[in-house]
Every structure is written in structure tokens, then in C-alpha cells.
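Asks: Generate the whole structure from the sequences, applying the supplied hints.
Keeping their order, the protein sequence lines are chains F and V.
Heads up, the first sequence is in the numbering used here, so the first residue is 77 and it goes up one at a time.
Heads up, the second sequence is in the numbering used here, so the first residue is 1197 and it goes up one at a time.
Hints are computed from structural coordinates only; laboratory data are not their basis.
One or more hints might be untrue.
Label pairs and their calculated CB-CB ranges [what the hints assert, rightly or not]:
1) F:Phe404 with V:Asn1346: 22 to 30 Å
2) F:Thr218 with V:Arg1345: 21 to 29 Å
3) V:Gly1376 with F:Thr425: 39 to 47 Å
4) F:Asn188 with V:Lys1263: 56 to 64 Å
5) V:Arg1274 with F:Lys215: 14 to 22 Å
6) F:Thr218 with V:Gly1396: 41 to 49 Å
7) F:Trp126 with V:Asn1346: 53 to 61 Å
8) F:Leu281 with V:Trp1328: 39 to 47 Å
9) V:Glu1254 with F:Glu388: 54 to 62 Å
Using N, Cα and C, we set each Cβ at its ideal position, and we do this for glycine too.
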Amino acid sequence: MAEISSSRSLWERLPQPLRSNSGVLTTFVLLALLPFVIALFEGKPPSAVWANQAGTSKFVQGLAIEIFILAVYAISYDLIFGITGLLSFGHAMFFGASAYLTGVMLKSFGWNLWTTLGLVIVLGGVNALLFAIVLPRVKGITFALVTLGMAAVFHIVVQSRELGAYTGSDVGLQGVIVPDFISPASQRLRFYFVALLLMYLVYLLYRRFVSSPTGRVCIAIRENEGRALMLGYNTFYFKLAALTISSITAALAGFLHTLYQPIVTPNVAGLGYTISALLIVLIGGVGTLNGALIGAAVFRLLDFGLRRYLGESASFVSGVVYVAIVLFVPYGIVGTWYLKRLQIRQGWTRLVERFRHSSEA
Amino acid sequence: MEEPAIILETLNLRKEFGALVAVADVSIRFQAKTLHSIIGPNGAGKTTYFNLLSGNLEPTSGKVLFKGRDITHQPVHRTIHMGIGRSFQITNIFPNLSVLENVRLACQALGRDNFRFLRTASSFRRYEERAWDVIEKVGLKTRALTPARNLPHGDQRKLELGMILAPDPEVLLLDEPTAGMASEQVPELIALIQEIQRGGNKTVLLVEHNMNVVMSVSDRITVMHQGQVLAEGAPAEIAANEQVQTAYLGGLYQLSPQKGQ
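Replies: Below, the structure written as C-alpha cells:
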């Protein structure tokens, strides 16, 4: 009894955002334990994981790191697309610009990791402002096309021969020197925790943002911007706030991407990378935030699995799967769950009961 | 009774859409703390006139003065901050948000906490409390947590009224608040508007088609016709005006005998 009460008081001493997101906290802890659990399945002691020995665990960590980075990138898209209702086709620029900046600063200029990180955050803000310049003038699909144009320009610039010495033109930036203490090769477990922590913190921050006065207005803008204006909100500033937070988040994802790979190809700045974010958000559920995280996992694992077993034809099959998802699960995984959770639970109970009856008989 | 102050006035306000002159040099002075109705046949320019007052449209020429201050070119999101609230002929709400959230957003807009994105909105209790008060006033307390799209039309009109009452504006522009309402619900809403106007000492500008309502609640009436002011005066004067009778009332509306002359 004494133990329970002390553990409860410990629970109560946790900061409120942690307590109100207990499911998220549980997931975080489970994900933190994942590398060790996998090692146990393989018959290796946790100390081997700690020492970053090669094996299934290290491989899974790598895959998970990619998912975490992708999830952070996708959730940043959900904030402007799913929450604020801004359709942008230039989101890859937020990610790609930072990925390139990190690579160039570390490789060509020999900058320290922390100054680079600072610059990446500044770049995130600048990119958001760039998109915001056109915000008051264009709406809806026009905004999507203008942002598409901006990102296309960036995509061309990084591939240009004039910048080849820094960006590696169309081959991409190779051989980025990553400091030893965060090296994905020798310190993968540490990298895993950094990426997991970033995803966790970003998710908590986004949850809070969406329920804050600012986020509520962003949702109102998505629902009916004209009415939000009439209520007295200068909607531009709210869209700018969402864009800035989204852009900085995507920039952080790009930063980690470069450190992890450590190669930057022009792909990360292309339209395809924006479409990935859009697809992930659609798979997970638009405007649900956690849908972006789940969607990222589904997207990456599907891609990984298909490529492994189908090879070249994988992208054809994955295309069919995405079309099927958009057609048959239009609200995405999380969105459908929110809508149908009662029916799903009832169906499940019925299924279990039927199984019980048949096993009794 | 001394001459009341003019709270809102327009000077030669004009709006052209291409060759169409929707509002042609309209000058009206609205006295503070009165209920002033604007009537006229469809296409007379009433809603356009409202859009010019609230900043939804930019006038081609002319001026809008609020308490003597020129507000002609104020952006639409400033209007409510100055104390002018406006409702729409076509219900204009956030359909997927709850009734409470619709009204709460209206309350929050006037505060200074819009960019405090690290605290939850529900921790700012004053907006939520104010929203509950307003919801109770317009009689939607039992539906507060319903998504607005699930409300019957009449309740949506009440919600819309609640959303412009929430920030407690001095002037309310009501564009056909009873539009599309079941006729038995109309008196209830009109009584509510009267109570708000008298009890809250507010100025109400009302566009309304129901002549019985207009004649019984208005302090003054302006008749618009083809973008121009045809007549202005107390209800009895308007009902007696021959020009109005022929151009408007006689053609489209029949005044009930006890109210008409």
C-alpha cells in the first residue's frame, strides 16, 4: 500500500503535460526499450546493445531512426495542412534546405554541430517567412502552386553546377563529417534516443499548440477563414505562427537526416518528398497529429518490406496500396479509428464471443 | 427627449460592381441606442451596404464614420475590435466545432492571449465563462457541446447571434437574423434582439423582410430601393409614405390593417 501511494505521488509530481498524455508516455517508454527487447529475442544481452554491437537490434534501430525523422517531418506538414488548412506543395524545401545547410556547414566550412543547429533553426524561421510573403495574396490551390514554385526553384538551385563544390550537384552531398559523439555508426543507440526524444517532444509541443488559444484559431481558420476574420482575428499572424513552427520542426528533421545518412541527395528537396509527407498524413489521418507518426511508420515499413521482397516493382505495388488507402480509408488510420471506434470495439467483442462459443461447442 | 448622439454614419457611400451600382451615394445617420431597420426589396443593396459598414467590401467612394472617426478603410478583422458586430444572412459559423467553441473563439478574439501557445485554451477560464454566459443568454445551454452543424437552423441563427454578442459590441449589424427560421420561432428571436438592444443599451441595425416585425420593433426605418434611400422616418411615417407604398410595400408586402393607415 505504501508503495502504491508513493508511486502515485511520484506520478502526480510529473509535469501536467506528461500526465495528460499517459498513452504517449507509455509508447515512448516502450520505444525506448525496443532496441533491448530485440536484442533479447536474438539472444544477446542488453550490454551488447549498449556497446553498439552490430546485429538485428542495430539494424532495427536504424530503421526506427529513419521512421522517427520521417514522423517529425510528416507531423510538421500535418500542422499546416491538417490543422491550419494550408495546402503547401513546397514542404520539402523546409526539410531539404536544412539538410543541405547542415551538410555544407559541417563538411565545407567545418562548423561546430551546435552552431549549425542554431543556424538550422534560424533557416527554418526564414523559410517560413518566405512562404508567408505570399500568404495574404494567394489562397487555396494558388498558395499550393506558389509554394510548389518556390520549392522547385530551390530544387534546381541545389542541383546547379555552379554550386557543385558545396552541394555536389545532381549527385548530392557526400561524406558529411559527423562528430563522433553522435555518429550513427559508432553511437547508434545514442542517435536512436536523440531521434526518439525529438519526435516525442515535438509531438507533445504540437498537442499543446493545437489545444492552445493560437491552435484553436488555426483550426477555426481551417474551418471558415472568413468567419475567423469577422471574429476579429488577423488570420495572417496565426498562419504565420503555424508555418514558423512547422518549418522549424521540418528543419530539425532535415538536420537529423543529414547526420544520420550522412549523404544529402537532391531528392529530399524535390516534389516527391512533399508528396511523401502528404501521403503519410493521408495514411495516418489528416489533422490528427498522431496519425502522422503512425503514417510515417506504415509508409516506411511498407516501402522497406516491398523493396525487400519485390525489388524494382515495389513502387508500383506501393502506389496501388496508397490509392487503395485513400479510396477505402479516406479518414486515414487514426481518423477512422476516432470515427468508428465504437463499432470497431463492438465488432471485436462479437468476434471474440463467436470464437468462444465455437471453442465451447 | 434630447437629440441622441450619432454613433455611425455614412457619407455618400457608393459601391459599384462593374456597371452595376449596388449602393448609390447613401448617407444615413444612425442614432446611438436605437433600433434602426433597413428595408427594401431584394436587390435594393441592403446587404452590400452592410458589407461596406463592416469592412467586408471596400466602397468605391464615400465614407463610413464611427463615433466621428473615419473607418472606411479599416480591414474586416478590425471592425469588431472597434465595437461593431455583424451577423450574416446566410448562416456563417464553424460547422465542425462545438457551439461552445464557436462562442469561445468569439470571446477569445478580444483578449490578449491569442499567441500564448504553450498553455491550453481551457486554462484561460474567463473566455470559457463568458462563452457559457452568452450561450445561456441565447438559449443554447443544453446544446453547448453539440457540433454546430448538427443544430437545427433556428438554433444556428441563435448561435450566430451569440457569436456577435460575445465580444459585447456597441453596434450590432443584423442581416436578416430570422431568415429561413420557422415562423413560430421568429417572435422568440425578435424578443431576444429587443432585450439585447434595450437591456444592453446597444445600437441595432436590422435588415428584415418581415414587415410586422419591422414595424413593431423599430425606432426608425430607412427604405432602400435600387441602391438609394427612398425614405426615412419613424415606422408610422414610413407606413404612411405614398412613395414607399407604391414602390415597395404595396407591391410586395401588405401591411396588416391595425398597423397601416
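Asks: The hint says 21 to 29 Å between Thr218 of chain F and Arg1345 of chain V; measuring C-beta to C-beta, is that right?
Replies: Holds: the Cβ-Cβ distance is about 27 Å, inside 21 to 29 Å.
Asks: Measuring from beta carbon to beta carbon, are Leu281 of chain F and Trp1328 of chain V in 39 to 47 Å?
Replies: 29 Å, violated
Asks: Tell me if the beta carbons of Glu1254 of chain V and Glu388 of chain F are separated by a distance inside 54 to 62 Å.
Replies: The hint (54 to 62 Å, Cβ to Cβ) holds, given that Glu1254 of chain V and Glu388 of chain F are roughly 58 Å apart.
Asks: Against the range 22 to 30 Å, how does the distance between the Cβ atoms of Phe404 of chain F and Asn1346 of chain V compare: consistent or not?
Replies: The hint (22 to 30 Å, Cβ to Cβ) holds, given that Phe404 of chain F and Asn1346 of chain V are roughly 26 Å apart.
Asks: Take a look at whether the Cβ-Cβ distance between Trp126 of chain F and Asn1346 of chain V falls inside 53 to 61 Å.
Replies: At 55 Å between Cβs, range holds.
Asks: Using the Cβ atoms, figure out if Thr218 of chain F sits within 41 to 49 Å of Gly1396 of chain V.
Replies: Since the Cβ atoms of Thr218 of chain F and Gly1396 of chain V sit about 42 Å apart, the hinted range of 41 to 49 Å holds.
Asks: Can the suggested window of 56 to 64 Å be confirmed for the beta-carbon pair Asn188 of chain F and Lys1263 of chain V?
Replies: 59 Å, holds
Asks: Is it true that Gly1376 of chain V and Thr425 of chain F lie within 39 to 47 Å of each other by Cβ?
Replies: Distance hint for Gly1376 of chain V, Thr425 of chain F holds at roughly 44 Å.
Asks: The hint says 14 to 22 Å between Arg1274 of chain V and Lys215 of chain F; measuring C-beta to C-beta, is that right?
Replies: 20 Å, holds
In summary, the one numbered hint that this structure violates is 8.
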